[in-house]
Amino acid sequence: MQRLLPSMLLGTLLVVAGCDRTNPTATATVAPAKVTAAATGGSKAGDLGPPQGEPIKAVLTSPPFVPPPTNRTAPAKVIVELEVIEKEMPISEGVSYTFWTFGGTVPGSFIRIRQGDTVEFHLKNAPDSKMPHNIDLHGVTGPGGGAASSFTAPGHASQFTFKALNAGLYVYHCATAPVGMHIANGMYGLILVEPPQGLAKVDREYYVMQGDFYTTGKYREKGLQPFNMEKAIDERPTYVLFNGSEGALTGDKALTAKTGESVRLYVGNGGPNLVSSFHVIGEIFDKVWYEGGTHFQENVQTTLIPAGGAAMMEFNLEVPGSYVIVDHSIFRAFNKGALAILKADGPENKAIYSGKEVDETYLGDRAAPNLASVAAAAKSAKAGALTVDEQIKAGRDLFAGTCSVCHQATGLGLPGVFPPLAKSDYFAKDPLRMVDAVLRGISGPVTVNGQAFNSVMPPMSQLTDDETANISTYVLNSWGNPGGRVTKEQVAKRRAQAPGPVVAQH
Amino acid sequence: MNTLRYLWLAGSLLPLFAWAAGSGSSGGYVHIPAGTLVSALKFEDVNGAVRIDAFQMMRRPVTNAEFAAFVGTRPAWQRGHVKPVFAGPDYLGHWATPTQVGTAVQGAQPVTRVSWFAATAYCEAQGGRLPLWLEWEYVAASDRLRRDARDDPAWRERILAWYAQPSSKVLPPAGSGEANRYGLRDLHGLVWEWTEDYSALLVTADNRNQGDAETNRFCGAGALSINDRDNYAVLMRVAMLSSLEGSNTTMNLGFRCVKGAR
Amino acid sequence: MKLLLMFLMVLATHATSAGAAPDAPLPGNSVYQSPARLMDSKSRQFAWATKRGQVQIVSMFYTSCKFVCPMLIEGGKVIDQQLTAEERAHLGVTLISLDPKRDTPAALARTARERNVDSPRWTLARPEPQDVRSIAGLLGVRYRALADGEFNHTTVLVLLDPEGRIVARTESIGGVPDALFLAAVKRTLANAARADAKPRSG
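Chains as they are written, first to last, in this note's numbering: chain Y, 157 to 662; chain C, 411 to 672; chain H, 309 to 510.
Some hints could be false.
To be verified - Here are the simulated lysine to aspartate or glutamate pairs, DMTMM-like style, with alpha carbons at most 25 Å apart:
#1 Lys-385/H to Asp-348/H
#2 Lys-644/Y to Asp-581/Y
#3 Lys-409/H to Asp-455/C
#4 Lys-499/Y to Asp-581/Y
#5 Lys-378/Y to Glu-567/C
#6 Lys-579/C to Glu-244/Y
#7 Lys-387/Y to Asp-562/C
#8 Lys-409/H to Glu-567/C
#9 Lys-493/C to Glu-249/Y
#10 Lys-452/C to Asp-456/H
#11 Lys-493/C to Glu-436/H
#12 Lys-374/H to Asp-500/C
#13 Lys-243/Y to Asp-500/C
#14 Lys-409/H to Glu-422/H
#15 Lys-233/Y to Asp-486/H
#16 Lys-493/C to Glu-655/C
#17 Lys-243/Y to Asp-408/Y
#18 Lys-350/H to Glu-382/H
#19 Lys-579/C to Glu-249/Y
#20 Lys-669/C to Glu-382/H
#21 Lys-374/H to Asp-486/H
#22 Lys-378/Y to Glu-391/Y
#23 Lys-280/Y to Glu-479/H
#24 Lys-506/Y to Glu-417/Y
#25 Lys-280/Y to Asp-455/C
#26 Lys-669/C to Asp-348/H
#27 Lys-387/Y to Glu-567/C
#28 Lys-280/Y to Glu-655/C
By construction, these hints were calculated from the structure, which means they are not laboratory data.
All chains, please: the whole structure from these sequences, using the hints.
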């Protein structure tokens with residue numbers, strides 16, 4: 157019995173996991189994950205044969221632009237020439253930093269090739285560089301991703317060749333010691349290895365890369381800021397940025413598109429430390445090739461991009477506006493600069509997004525402070541001894557905050573917008589017209605005291621009968637109105653009469 | 411009688427003159443007492459401290475003017491004459507002529523664009539040699555007050571700040587930096603400096619392979635690894651020297667000489 | 309007088325395998341620009357530059373090296389074996405010691421015998437101690453002396469043309485020869501043979 161229990165448990169677990177070895181045909185109680193497409197075979201199947209045709213010089217682009225699709229159908233020999241330049245550039249308004257760059261930009265130039273291509277990679281290190289540099293491309297199969305073969309002193313160039321066996325979107329970065337510092341200074345970029353069949357055509361392609369930066373000075377402290385190693389080791393960035401500086405992708409440098417267009421973003425995260433929670437405010441990613449791989453997820457709001465990783469996403473723009481691109485670890489966006497803009501121009505589409513329709517006052521739950529008078533009136537009413545004075549006092553307190561918002565505490569209303577209650581000829585002859593207005597609201601043209609109004613007064617359906625009576629009594633006895641009183645019985649009777657919006661008429 | 415007095419006066423002031431001549435931005439060698447060093451590099455064959463014998467080191471890097479004087483007497487080391495195998499195409503490229511510094515460049519600036527072979531020849535002509543890496547590291551650990559300031563984050567930060575600045579800044583004269591405890595100036599913050607055993611800094615080209623000794627590549631004990639990972643200043647210097655060949659020159663690389671035990 | 313002797317010596321060593329005419333200027337990128345003097349396993353002193361005129365495979369090693377240096381020698385032998393007898397006759401191999409203090413001529417001779425490379429084409433030599441670093445610098449060899457007398461060093465075979473210019477290098481040494489390096493060896497030997505066959509000018 158003792159032995160039976162654990163083996164029963166084990167058996168159950170195996171069945172649940174779907175791998176019951178005792179009975180291979182047993183159905184699992186939990187369905188296995190559905191595979192959306194067959195595996196591509198990875199590097200083993202990635203060698204498409206020797207390069208054909210003349211060697212091609214790769215077209216490299218500076219961010220945020222992406223080279224055009226290769227439109228190749230056969231493996232080629234591609235020559236890539238990339239230069240390392242150490243240069244001082246702005247990192248924020250009035251703040252500069254000595255970046256170490258591939259191709260003079262942060263992130264570095266975008267490289268686009270096709271799976272199976274043989275790449276002859278030339279890495280040049282500018283003569284005025286202080287440091288040696290190398291390159292590790294995550295798309296390279298080989299020692300160090302190329303770093304072992306590209307260690308280059310200032311004023312020199314080195315060359316190595318690799319074959320791209322795996323399709324995907326890959327980060328490249330410098331791997332010279334201290335590696336963290338080289339990456340923190342901006343030495344990263346993306347290389348896209350297109351799958352053999354290429355990628356679907358889209359209207360816009362953009363290149364965005366997030367990075368964290370560590371300076372001795374505080375955020376936006378002016379001047380040339382040095383790299384701060386302590387902060388980098390402690391993972392306390394000063395800036396978290398898209399494309400190497402605040403404002404790299406905002407204002408007149410915002411990414412642009414038109415409504416109706418499809419957009420694909422190639423997004424990398426150089427790190428060195430932080431993981432990105434990448435999100436475009438106001439858009440949903442129709443497809444995300446998570447981690448820059450071969451398969452996509454659909455309908456994603458925010459996708460994780462690891463440090464030293466990438467992702468590709470596609471979406472369509474239906475509605476114009478400025479779409480804010482952020483790292484949704486949100487203090488990074490608003491306090492460290494992880495913010496970019498995609499501006500979509502085009503006609504409005506109210507069916508999809510209307511813009512603001514109503515802006516009305518919301519008073520919460522009767523925010524009026526002084527309800528002592530209301531309590532007193534209620535007490536008297538219960539005792540059957542409610543006086544006009546008590547009604548006026550209660551009405552005044554209820555009026556404030558409810559009616560005064562539009563009709564003003566003075567009862568004068570807003571000329572052309574809200575009719576006056578003071579010396580109003582609207583209810584001078586029949587106070588119960590006021591009760592109707594409170595109960596059912598008024599819409600459409602109305603003339604009060606010789607002025608035309610055409611607005612909407614919503615029904616004050618939150619008011620009870622005695623509240624309505626008290627307010628009405630207060631109004632009747634204020635600002636030169638004829639006086640009198642309205643009882644709650646009158647209100648109740650009026651309420652019970654045939655409903656329907658009161659169309660103002662005069 | 412008066413002559414004696416004057417002689418006595420001159421004699422007593424002589425040490426003052428000597429001190430003035432030897433200190434500040436002028437050249438000359440400084441005596442470095444023997445001691446021990448725990449290197450930032452982890453050597454497979456030595457555990458802990460290494461003994462450094464006493465030696466003499468130039469107070470500051472060799473200047474353009476000094477090197478011009480040298481090549482004036484040694485045509486084999488003049489730009490245009492020097493064999494490519496000993497110095498690359500950019501050798502002394504910043505000088506107006508092969509023997510004259512010119513006016514665009516200051517004589518007092520540290521000489522750069524010199525190869526290891528040229529620097530070695532200069533030091534040998536002085537009766538000296540280039541410093542060993544360990545000798546360099548030993549004296550470079552010092553700041554104004556301390557023999558070994560390497561544990562001080564502020565010290566490391568200051569050194570690191572130099573690497574963060576772009577090369578476009580004009581080089582100040584050699585010897586204008588603050589003297590360290592030994593009286594040496596500009597070991598940091600001015601130019602990289604050659605060491606005799608630049609090619610002994612065996613690190614793998616992919617510096618991330620710490621612990622992967624690549625014994626096949628480096629025979630014996632394998633590649634060096636770094637003891638003190640926080641000492642970025644040393645890491646970068648090692649990376650720099652390990653990327654160079656003997657005939658290479660760069661615009662940020664100069665040297666100073668030492669004399670004595672090795 | 310010494311200069312004349314040296315000049316005659318140079319002429320003599322060029323008798324069997326001349327490349328360029330011996331009094332043509334040495335190219336600026338030739339390692340033979342080095343003034344270094346070597347001593348072989350038979351205690352004969354000679355200028356490294358006297359190797360000029362012959363295609364050479366050069367490396368640096370030390371006799372007490374257990375690990376890679378035997379592989380280095382085997383690597384050189386493997387290249388040898390891939391050549392025709394004619395090619396082999398025109399190729400010299402020079403192994404220069406990193407450890408002149410302990411690699412006496414006797415030690416060099418012993419190693420040559422042990423590893424079966426005791427032929428006139430193979431030269432095991434020791435330099436002056438003060439020249440080791442600069443010879444290594446010219447060949448692109450990196451090394452560090454360890455406390456126990458061992459050395460860390462890169463292992464590389466360097467191919468020199470008859471004028472001492474570096475034509476190729478390989479760090480992959482072992483049982484299977486580096487195909488590209490071997491091709492370079494054959495090509496350089498062929499070029500040298502052609503130059504040999506040409507009638508000397510003037």
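To see whether the hints hold, each was checked on the structure:
At roughly 19 Å between alpha-carbon atoms, Lys-385/H and Asp-348/H fall within 25 Å of each other, so this suggested pair holds. Under the criterion of a C-alpha separation no larger than 25 Å, the hint pairing Lys-644/Y with Asp-581/Y is consistent with the structure, at around 23 Å. With a C-alpha separation of about 19 Å, the suggested pair Lys-409/H and Asp-455/C falls inside the 25 Å cut-off, and the hint holds. A threshold of 25 Å between alpha carbons decides the hint, and for Lys-499/Y with Asp-581/Y the separation of about 53 Å lies outside it, so the pair is violated.
At roughly 19 Å between alpha-carbon atoms, Lys-378/Y and Glu-567/C fall within 25 Å of each other, so this suggested pair holds. Proximity of Lys-579/C to Glu-244/Y is assessed by CA-CA distance (about 11 Å); at most 25 Å being required, the pair is judged to hold. Between Lys-387/Y and Asp-562/C the alpha-carbon distance is near 15 Å, which keeps this suggested pair within the 25 Å criterion. With a CA separation close to 43 Å, the supplied pair Lys-409/H and Glu-567/C exceeds the 25 Å bound.
Using a Cα cut-off of 25 Å, the hinted pair Lys-493/C and Glu-249/Y is violated, with the two alpha carbons roughly 50 Å apart. Between Lys-452/C and Asp-456/H the CA atoms are separated by roughly 16 Å; this keeps the pair inside 25 Å, and the hint holds. With a C-alpha separation of about 22 Å, the suggested pair Lys-493/C and Glu-436/H falls inside the 25 Å cut-off, and the hint holds. This hinted pair does not check out: Lys-374/H and Asp-500/C have alpha carbons roughly 41 Å apart, beyond 25 Å.
With a C-alpha separation of about 21 Å, the suggested pair Lys-243/Y and Asp-500/C falls inside the 25 Å cut-off, and the hint holds. Proximity of Lys-409/H to Glu-422/H is assessed by CA-CA distance (about 20 Å); at most 25 Å being required, the pair is judged to hold. Of the pairs offered as hints, the one joining Lys-233/Y and Asp-486/H holds, with about 23 Å between alpha carbons and a cut-off of 25 Å not exceeded. Between Lys-493/C and Glu-655/C the alpha-carbon distance is near 15 Å, which keeps this suggested pair within the 25 Å criterion.
A C-alpha spacing of about 23 Å is found between Lys-243/Y and Asp-408/Y, which places the hinted pair at or below 25 Å, so the restraint holds. A threshold of 25 Å between alpha carbons decides the hint, and for Lys-350/H with Glu-382/H the separation of about 22 Å falls inside it, so the pair holds. About 22 Å separates the Cα atoms of Lys-579/C and Glu-249/Y, which keeps this hinted pair within 25 Å; it holds. With a C-alpha separation of about 41 Å, the suggested pair Lys-669/C and Glu-382/H falls outside the 25 Å cut-off, and the hint is violated.
Among the hinted pairs, Lys-374/H with Asp-486/H is consistent with the structure: their alpha-carbon atoms are about 22 Å apart, no more than 25 Å. A hinted pair counts as satisfied when its Cα atoms are at most 25 Å apart, and Lys-378/Y with Glu-391/Y qualifies at roughly 22 Å. Only pairs whose Cα atoms come within 25 Å are accepted, and Lys-280/Y paired with Glu-479/H is accepted, the gap being roughly 23 Å. Taken as a hint, the Lys-506/Y and Glu-417/Y pair is honoured in the structure, with Cα atoms around 17 Å apart against an allowance of 25 Å.
Distance hint between Lys-280/Y and Asp-455/C is unfulfilled; the C-alpha atoms sit about 36 Å from each other, more than 25 Å. Proximity of Lys-669/C to Asp-348/H is assessed by CA-CA distance (about 31 Å); at most 25 Å being required, the pair is judged violated. For the suggested pair Lys-387/Y and Glu-567/C, the alpha carbons sit about 11 Å apart, so the restraint of at most 25 Å is met. Distance hint between Lys-280/Y and Glu-655/C is fulfilled; the C-alpha atoms sit about 16 Å from each other, no more than 25 Å.
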